[in-house]
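K.L.:
Take these sequences, add in the hints, and give me the full structure.
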Amino acid sequence: MYGYTGKILRINLSTGDVKTEALDKELAKLYVGGRGLAEKMFSNEVDAKIDAFSPENKLFIATGPLSGTPTPTGGRYMAITKSPLTGTIASSNSGGRWGAELKFAGYDMVIMEGKAEKPVYINIVDDKVEIKDAAHLWGKMTSEATKMLLEEEGEKTKVLNIGPGGEKLSKIAAIMNDYDRAAGRSGVGAVMGSKNVKAITVKGSGKPEVADKDKLKEVVKRSNAKIRENGVTGTGLPTYGTAVLVNIINENGVFPTNNFQKATFDKAEEISGETLAEKHLIKNTGCFGCPIACGRHCEVEDGIESGGPEYETVWGFGADCGVSDMKSIIKANYWCNEVGLDTISASCTIAAAMELYQKGHIKDDELDGLSLEFGNNEAVIEWTKRMGLREGLGDKMAEGSYRLGEMYGAPELSMSVKKQELPAYDPRAIQGQGLAYATSNRGGCHVRAYLISPEILALPEKLDRFDVAGKPEWVKIFQDLTAAIDSTGLCLFTSFAMTADDYADMLSAVTGFDYTAESLLQAGERIWNMEKVFNMNSGITPEEDTLPPRLLNEEIGDGPSKGNKSLLGEMLPAYYEVRGWDAKGAPSQDKLNELSIK
Amino acid sequence: MGIKIRLFATLREGRGKEVEIKAGEGMTGSELINTLEIEEKDVAIFLINGKDATLEDTLQEGDVISIFPPVGGG
Numbered sequence: 001m002y003g004y005t006g007k008i009l010r011i012n013l014s015t016g017d018v019k020t021e022a023l024d025k026e027l028a029k030l031y032v033g034g035r036g037l038a039e040k041m042f043s044n045e046v047d048a049k050i051d052a053f054s055p056e057n058k059l060f061i062a063t064g065p066l067s068g069t070p071t072p073t074g075g076r077y078m079a080i081t082k083s084p085l086t087g088t089i090a091s092s093n094s095g096g097r098w099g100a101e102l103k104f105a106g107y108d109m110v111i112m113e114g115k116a117e118k119p120v121y122i123n124i125v126d127d128k129v130e131i132k133d134a135a136h137l138w139g140k141m142t143s144e145a146t147k148m149l150l151e152e153e154g155e156k157t158k159v160l161n162i163g164p165g166g167e168k169l170s171k172i173a174a175i176m177n178d179y180d181r182a183a184g185r186s187g188v189g190a191v192m193g194s195k196n197v198k199a200i201t202v203k204g205s206g207k208p209e210v211a212d213k214d215k216l217k218e219v220v221k222r223s224n225a226k227i228r229e230n231g232v233t234g235t236g237l238p239t240y241g242t243a244v245l246v247n248i249i250n251e252n253g254v255f256p257t258n259n260f261q262k263a264t265f266d267k268a269e270e271i272s273g274e275t276l277a278e279k280h281l282i283k284n285t286g287c288f289g290c291p292i293a294c295g296r297h298c299e300v301e302d303g304i305e306s307g308g309p310e311y312e313t314v315w316g317f318g319a320d321c322g323v324s325d326m327k328s329i330i331k332a333n334y335w336c337n338e339v340g341l342d343t344i345s346a347s348c349t350i351a352a353a354m355e356l357y358q359k360g361h362i363k364d365d366e367l368d369g370l371s372l373e374f375g376n377n378e379a380v381i382e383w384t385k386r387m388g389l390r391e392g393l394g395d396k397m398a399e400g401s402y403r404l405g406e407m408y409g410a411p412e413l414s415m416s417v418k419k420q421e422l423p424a425y426d427p428r429a430i431q432g433q434g435l436a437y438a439t440s441n442r443g444g445c446h447v448r449a450y451l452i453s454p455e456i457l458a459l460p461e462k463l464d465r466f467d468v469a470g471k472p473e474w475v476k477i478f479q480d481l482t483a484a485i486d487s488t489g490l491c492l493f494t495s496f497a498m499t500a501d502d503y504a505d506m507l508s509a510v511t512g513f514d515y516t517a518e519s520l521l522q523a524g525e526r527i528w529n530m531e532k533v534f535n536m537n538s539g540i541t542p543e544e545d546t547l548p549p550r551l552l553n554e555e556i557g558d559g560p561s562k563g564n565k566s567l568l569g570e571m572l573p574a575y576y577e578v579r580g581w582d583a584k585g586a587p588s589q590d591k592l593n594e595l596s597i598k
Numbered sequence: 001m002g003i004k005i006r007l008f009a010t011l012r013e014g015r016g017k018e019v020e021i022k023a024g025e026g027m028t029g030s031e032l033i034n035t036l037e038i039e040e041k042d043v044a045i046f047l048i049n050g051k052d053a054t055l056e057d058t059l060q061e062g063d064v065i066s067i068f069p070p071v072g073g074g
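For the record, the sequence lines run as chains A and B.
In terms of my numbering, the first sequence has 331 at position 331, counting the first letter as 1, and numbering is strictly consecutive.
In terms of my numbering, the second sequence has 23 at position 23, counting the first letter as 1, and numbering is strictly consecutive.
Calculated from the structure, these hints are not laboratory results.
Cβ coordinates follow ideal geometry from the N, Cα and C atoms, glycine included.
Honestly, I wouldn't trust all of these hints.
Capping the alpha-carbon separation at 25 Å, the derived lysine to aspartate or glutamate pairs in DMTMM-like fashion look like this [as the list claims (entries may be wrong)]: (1) A:K562 to B:E31; (2) B:K41 to A:E570; (3) B:K4 to A:E570; (4) B:K51 to A:E570; (5) A:K118 to A:E56; (6) B:K51 to A:D266.
Derived DEER-like restraints, expressed as beta-carbon distance ranges [unchecked claim]: (7) B:G24 to A:D467: 25 to 35 Å; (8) B:K41 to A:H136: 41 to 51 Å; (9) A:A469 to B:S30: 57 to 67 Å; (10) B:G24 to A:E518: 51 to 61 Å; (11) B:K51 to A:D212: 45 to 55 Å.
Covered stretches of chain A, as calculated for chain B (at least 3 residues, CB under 8 Å) [said to hold, decoys possible]: (12) 67-77; (13) 237-248; (14) 440-452.
P.N.:
Put into structure tokens, the structure is as follows:
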């Protein structure tokens, strides 16, 4: 096969069996790779009703057909499993170099099933695959474990691992790789921990074959030129990183502050991308094959440097917790990476805990002397550590904000959808983004359909963010195209510059399959519907396609978006109709047949 | 009339973060960016008091204008 290596590595942790299998070419044509293909295989193999922490759950680490090829940003992978946080299918994406290295070792994906009796790590060097003892690594922070593994397996090895957060089954635990890249969302790190797998190390000496090298050269040249010349990917992201959004979102009055109690933060400038670049940035960094290099590298404290923080992280530990000290945010981000927690869910859980404290649900005697007041710099650093290590109240917080709220009889203070914390945009005055949040197949998330692009950034065109007209159609197209891009193995940021035609041409040149923009979008729609079917089978109810009550019932009370609330109820029925689903949001049999979903 | 302009990202280079100007009645967004020597192609987001506006719109006394070049993230 071209693009794909054609080989899957399947590891049964209960028995120690390791085998390789051939990739199903016909299924690959329908579901592309990465998110789509691995999710389809996962849903064929795993009963949707299982407990996410049972040995019956599986964890797929999957690349796409473009991973490891000379395409721009082809270094990514997807972690696919049933989420312990949301109960939905989870597909969590990460950059760095690990994904490309797995392809070089000769595999499209690794499937982990069962549960190891004691802590192990998996070492992959081309055809040689070993399950090795990880007793000495268990309990170690991710950077220390990475250093130890590089010493043991050689410095050219790429390391993917979990921290104490994943080991201790925090439902918001991330899988980390290459030190500071994260498959952050939906608790995928906890599933890895539940299988007693600390790390996967990989080193490869091959590379994927390409079907049409001349055509690929032409389309890569064209796409790289677009990425270079585009204001967002060519200048904005490399210069300021993703945190350039802080001021934009705040100026629009949709920058959630103090757990979404306000929509503007008066100290936004202090935590902006501009301030980060001016005062804290050491260098910007790029993932494998990336011409954008949006990654930040900042000084944490004397002698310690770390990757990040990204926009969502700056917002979460910053405005959402009322904190304006960038150094504290950089430290909290560093500790998230070390203990292996998702920065969005971790920061939002602290913000929710702060409101639970503010409203008298959490009492002083539970805090062990560590304040939970909004605006406390120390709190975002120390509570992150305690969450990762499950110390004191951190034990409850490790369950995520929704379950934390439930424990105190106030789940409505969790700003989440399907129990996953919402990111950094108040949907009360960005109507399409609200619909995208409510209908996301993995719960609260901005990268399942980034309506911020047209509603705030005017890309590819400006939509009225206060208006609901046309939003169901826009959300569907964004969801479908995103699902397709996620399945190629490329980074979503390329879509600021590249079009569906560019992706289709790239995929055709690499795989030899015949993709068009239309067939690629249909593959995305197929993936979206397949995910939805899994979620319905797992017990997710139609009532869960919603937003937190605050965002539906309480108007924004400050700033330029004052007086607005989400009009989800007006958009949801139209969205289901646009999707060809029934009034309860279930795909019709006709729709499933049309998309060849079996 | 007095108008406050907030500039972001690369538009700050050589201009600073915030500029206050005295403008004549009826000044448009286009005239404003000409005054600031900002090219139209470098204006991706143009807000008047936090609401989307166009360069054809007329400015009023006390308006706060926010101007962003093409940027994104997420």
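K.L.:
Run the distance test for B:K41 versus A:E570: straight-line Cα separation, threshold 25 Å.
P.N.:
36 Å, violated
K.L.:
Would you check the hint for A:K118 and A:E56, treating anything up to 25 Å between C-alpha atoms as holding?
P.N.:
17 Å, holds
K.L.:
Tell me if chain B covers the region 440-452 of chain A under the three-residue, 8 Å CB rule, please?
P.N.:
holds (count 4)
K.L.:
Assess, step by step, whether the Cα of B:K4 is no farther than 25 Å from the Cα of A:E570, and give holds or violated.
P.N.:
37 Å, violated
K.L.:
Hey, B:K51 versus A:D266, does the alpha-carbon distance stay inside 25 Å?
P.N.:
18 Å, holds
K.L.:
Quick one, are B:K51 and A:E570 close enough, alpha carbons at most 25 Å?
P.N.:
23 Å, holds
K.L.:
I want to verify a distance hint. Is the separation of the beta carbons of A:A469 and B:S30 within 57 to 67 Å?
P.N.:
28 Å, violated
K.L.:
Check the following: the C-beta atoms of B:G24 and A:D467 are separated by a distance inside 25 to 35 Å.
P.N.:
33 Å, holds
K.L.:
So the hint says 51 to 61 Å: do the beta-carbon atoms of B:G24 and A:E518 match that?
P.N.:
52 Å, holds
K.L.:
Is it true that the CA of A:K562 sits at most 25 Å from the CA of B:E31?
P.N.:
29 Å, violated
K.L.:
Quick one: see if chain B covers the region 67-77 of chain A, three-plus residues with Cβ-Cβ under 8 Å.
P.N.:
violated (count 0)
K.L.:
Quick check: does the Cβ-Cβ distance between B:K41 and A:H136 fall within 41 to 51 Å?
P.N.:
57 Å, violated
Violation of the numbered hints given earlier is confined to hints 1, 2, 3, 8, 9, 12; the remaining hints are satisfied by the structure.
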